[in-house]
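> Residue strings, one per chain:
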Amino acid sequence: MNNSPFIRKPATVRGVMLQVLAALLPGIAAYVWFFGAAILVQIALASAAALAAEAVMLRLRGRPVGMFVSDGSAVVTAWLIALTFPPIAPWWLVVAGTLLAIVVAKHLYGGLGQNPFNPAMAAFCAMIVAYPQLMTQWPAAGFTDFGAELQAIFGADRRLDAIVMATPLDSLRTVLRLPDTRATVAGILGSGATFGNIGGKGWEWVALGYFVGGAWLLWRRIITWHVPVAFLATLALVAGAFSLGGPDKFPGPTFHLFTGGAMLGAFFIATDPVSGATTPRGKLIFAAGIALLTWIIRSFGGYPDGVAFATLLMNICVPIIDMKTQPSVFGHKRQSGGDAP
Amino acid sequence: MNLQDLRDIARNGVWKQNSALAQLLGLCPTLAVSTNLVNGASLGFATIFVMAMASFTVAMLRNFIPYEIRIPVFILIIAALVTVVDLVMNAYFHSLYLVLGIFIPLIVVNCIVLARVEAFAAKNAPLASAFDGVMMGAGLVWVLAVLGGLRELLGTGTLFTGIDMVIPGTAPITVLPEGYPGFLVAVLPPGAFILLGCMIAARNWLDARATARAHPQRHAAPHPAAG
Chain A
1 MNNSPFIRKP ATVRGVMLQV LAALLPGIAA YVWFFGAAIL VQIALASAAA LAAEAVMLRL
61 RGRPVGMFVS DGSAVVTAWL IALTFPPIAP WWLVVAGTLL AIVVAKHLYG GLGQNPFNPA
121 MAAFCAMIVA YPQLMTQWPA AGFTDFGAEL QAIFGADRRL DAIVMATPLD SLRTVLRLPD
181 TRATVAGILG SGATFGNIGG KGWEWVALGY FVGGAWLLWR RIITWHVPVA FLATLALVAG
241 AFSLGGPDKF PGPTFHLFTG GAMLGAFFIA TDPVSGATTP RGKLIFAAGI ALLTWIIRSF
301 GGYPDGVAFA TLLMNICVPI IDMKTQPSVF GHKRQSGGDA P
Chain B
1 MNLQDLRDIA RNGVWKQNSA LAQLLGLCPT LAVSTNLVNG ASLGFATIFV MAMASFTVAM
61 LRNFIPYEIR IPVFILIIAA LVTVVDLVMN AYFHSLYLVL GIFIPLIVVN CIVLARVEAF
121 AAKNAPLASA FDGVMMGAGL VWVLAVLGGL RELLGTGTLF TGIDMVIPGT APITVLPEGY
181 PGFLVAVLPP GAFILLGCMI AARNWLDARA TARAHPQRHA APHPAAG
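In order, the protein sequences belong to chains A and B. Just so we're aligned, residue 1 is where the first sequence starts under this note's numbering, counting upward by one. Just so we're aligned, residue 1 is where the second sequence starts under this note's numbering, counting upward by one.
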């Protein structure tokens, strides 16, 4: 319970979105350092497609175009899409994904503030289902030949053999699932060029960049502590428990936290104020659910990373989570089960 | 039975009370079978036959069927007709029969068939009932064909895949250029839901526009049911 006087914080959608974009910059910087400038091309492509789609949809829906286009929410979606798609994906993949996110996942559900599903994650899931091969071609760490990357993005003839490498999560699971494998997690992590000190090679630094940006968002009070803490703690706990029980089969918490989309998910995706839970207890449940599902999908599922699917699955649960976790009004008795009107 | 009645029946079936876009009945086969144009339209035509014959038969027997047990009797009649369709397709369109699979026998429990028998054929003359069955089926056929066509076009860039199963000697056409990568989601179940939703929205939009044009003053006045 807060006491008066309340100091109003002049938060506009635009201000929040600009700070979210700024918070992504450390991660992007690490991304460029390890994987080349292709990601900047993808970000530009996605942003242009998002703004165009946003303007067209707002016009069709008869809403003020200028006000909503300049609020920056479409750009945040676009950046998240670009950061979750492979940087050497062909240009149309990220454009199609962005159009899907803005047109279908955002505006067909009623636009900013109404979408039940995280648009960026909806786009990622649709694209990885439709184009599993293109969505799993990632550059090897340290490959920063911008010309070759541009050729991969825009060229008709994609010669990728020299560039492509499976992601850390992907190569770990592939080896672990070989029939009659004798490989152990420690052995795999120590072997390949894919793996770094604690996570994926290069990826651990990108994740650290997201962590720094996310911490800054927390300090700026753009996001609350509930979602990142619940997400990272749950992922670390589950991964840690299984890793203790079966160290040969299950990688430990640091690997899970510093590979794939875990950090991006904890600070930038699960914290989406629209498609996520809104009550404090609800946020804890929501984020813990995403982390648990992410770990399950990574460990036993059919796709290399689980953050996107886990987010969509928990998005479906948000209405009931919010309903069941309504805080009681001050001075009133706690409603049993929270199922009052 | 005059011309106006027939026109109303046709308009109801094809547009106003379209089974898939307005009544939203029988969505399971609509969503499951419309992976391409030929599959969708084929199941639609099988349903037309069943609906026309079932409505005709029920309308002829409507004065002899005891009211209390009418539903089991209707279902028996529909099931007998579906068996006919099932055997005929197995004999003459065997490969198509294998593709459509369980959805042919499932026409028995397609609620649009029972709904029209109960709502129309049980109260009207045989010929009008048969016409209603044909028109309701036609409404289903065009929706299935458009939905299947859209999914096929987005998913693979072709149209009329499998047409040779229905008309031997014909070939599917490739509409989009050779390099089109195909958007698999359109062929998968989510694509069916999203595209059917778009079609329903388009139908509502066309209807709203037509209403606004025909009655410009009604648009401004509050709806009587709104209060």
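Where hints are given, some of them may not hold.
Not the full set, but computed from the structure, chain B residues with beta-carbon under 7 Å of chain A [as the list claims (entries may be wrong)]:
| id | residue |
| --- | --- |
| 1 | F183 |
| 2 | L184 |
| 3 | V185 |
Sample of chain A residues lacking proximity to chain B, with all beta carbon distances greater than 10 Å (derived) [what the hints assert, rightly or not]:
| id | residue |
| --- | --- |
| 4 | V129 |
| 5 | D145 |
| 6 | I285 |
| 7 | I321 |
Source of the hints: derived by calculation from the structure; they are not laboratory data. Yeah, the Cβ is synthetic: ideal placement off N, Cα and C, and Gly gets one too.
> Evaluate each hint against the coordinates.
Now for the hints, and whether the structure bears them out:
1. F183: The hint holds - B/F183 has a Cβ within 7 Å of chain A, the shortest such distance being about 5 Å.
2. L184: holds, 4 Å
3. V185: The hint holds - B/V185 has a Cβ within 7 Å of chain A, the shortest such distance being about 5 Å.
4. V129: violated, 6 Å
5. D145: At about 25 Å from chain B, A/D145 clears the 10 Å cut-off, so the statement holds.
6. I285: Consistent with the label, A/I285 stays out of reach of chain B, its closest Cβ about 26 Å off (over 10 Å).
7. I321: The assertion about A/I321 holds, with a minimum of 23 Å to chain B.
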